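Given the sequences, and given the hints that come with them, work out the whole structure.
Per the UniProt record's numbering, the sequence shown runs over residues 1 to 376.
Calculated directly from the structure, the hints in this document are not laboratory data. Treat the numbers as computed from the prediction; the structure is a model and nothing was measured. Glycine is no exception: its CB is placed at the ideal position from the N, C-alpha and C atoms. One or more of the hints may lead you astray.
Claimed, not checked - Here are the in silico distance ranges between beta carbons for each label pair:
1. R351 to Q33: 43 to 51 Å
2. P348 to A233: 54 to 62 Å
3. P56 to M273: 41 to 49 Å
4. R215 to R36: 33 to 41 Å
5. A247 to W211: 51 to 59 Å
6. R48 to A168: 28 to 36 Å
7. F252 to D172: 20 to 28 Å
8. S59 to W211: 39 to 47 Å
9. P244 to M98: 34 to 42 Å
10. A109 to R215: 28 to 36 Å
11. R215 to W318: 16 to 24 Å
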Amino acid sequence: MRPVYVTAAAQCLPGAPVGNDEMADHIGRLSPQAERLGRLTLRQNRIRSRHYAIRPDGSSDWTVAKLAGQAVRSLIADAGIDARRVGFLASATTQNDMLVPGLASGVHAESGLPPIEVASLQSVCASSMMALKTAALQVAAEEHQAAIVVGAEFSSRYFRPHHYRGTATVGDNDTLPGDAEFLRWTLSDGAAGLLIEDRPAERGLSLRIDWISLRSFADRFAPCMTGGAVREADGSLTPWSLHPDPAAAGAFQLRQDVEALHRMLPVWLGEMMRLVDAGKIEPDAVDWFLCHFSAHSLREEMVTLATRAGVMIPEDRWFTNIYDKGNVGAAAIFLMIDDLMRSGTLKPGQRILCAVPESGQCIMAYAAMTVVGEDR
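Written as structure tokens, this is what we have:
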């Protein structure tokens, strides 16, 4: 198969950056006790600002398809590519606007692209890498000359008080269980996309995609991050569609089992060690490490484990934007790639390693890229 390249990137972050003191105005206020738990979460994740597609009154002009569609429009304009050259569109998200149809159809409708082949990839953060690999393989197999991959999230719409009040999950003091509160103060909104082509950009730098690896460990783990299910007394999950009163039971709330998340860290690192042993990853040869993580506390644990295992990439080679742009789920890795490509720090020949762990039911994805083209 032929080589493929990331030749352009773009993003859509709705509204002005929202600081920590303004968060509760956008996601809504449950109680002073809940806000105290929120401040504890912010100390753990160390996110200083993020973007929300929802207004303080709960209204919005956005959908996840519109966010992704705007990112695609910006990508096409920035790249200066004839839209007719793009033959494939892959979308990634945690939660679509609707149950049916798929997100890729909604993004296509918002993108300004002509008739095109589409694929909708839905998981959590790693859905971005699923979409990227799908698009890269389409171009590598000579099915298309160019493809667009886009990740988008609109998490804030699920964090408003009316999604919690009146449900079985709210405590007597109007607080939420920790597995719901953590996500409420961590996730944010936005979209980002990449243009994948069968040749490097005519001017400037491109990223040659060397390989993408993604593995699920759902054979070892129960679901960790969930939405659309009710956890029963015995620990089992009942899908919302099979529950007699899913809304009252809190089935539509996003939840994350933080203890299970920490149990996944050694597995994620083990996948890196497997790739090191296979000769895919050489830690000392990585110039830029783009690692998605949901909180600074998790980053610290990753550093500790990687150092003990002897596969640590020095932190001065890590590139992240989570502290200023928040955790944007399926869009996060594309936002990092876009910001890195625009940073002016890339040089031809540099090697980039992307890492996306997913807590949904334990997935670990890596991608290696090499900077090519003219340094301008």
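Hint-by-hint comparison with the structure:
no.: 1; hint: R351 to Q33: 43 to 51 Å; result: holds (48 Å)
no.: 2; hint: P348 to A233: 54 to 62 Å; result: holds (59 Å)
no.: 3; hint: P56 to M273: 41 to 49 Å; result: holds (46 Å)
no.: 4; hint: R215 to R36: 33 to 41 Å; result: holds (39 Å)
no.: 5; hint: A247 to W211: 51 to 59 Å; result: violated (44 Å)
no.: 6; hint: R48 to A168: 28 to 36 Å; result: holds (34 Å)
no.: 7; hint: F252 to D172: 20 to 28 Å; result: holds (22 Å)
no.: 8; hint: S59 to W211: 39 to 47 Å; result: holds (44 Å)
no.: 9; hint: P244 to M98: 34 to 42 Å; result: violated (23 Å)
no.: 10; hint: A109 to R215: 28 to 36 Å; result: holds (33 Å)
no.: 11; hint: R215 to W318: 16 to 24 Å; result: holds (22 Å)
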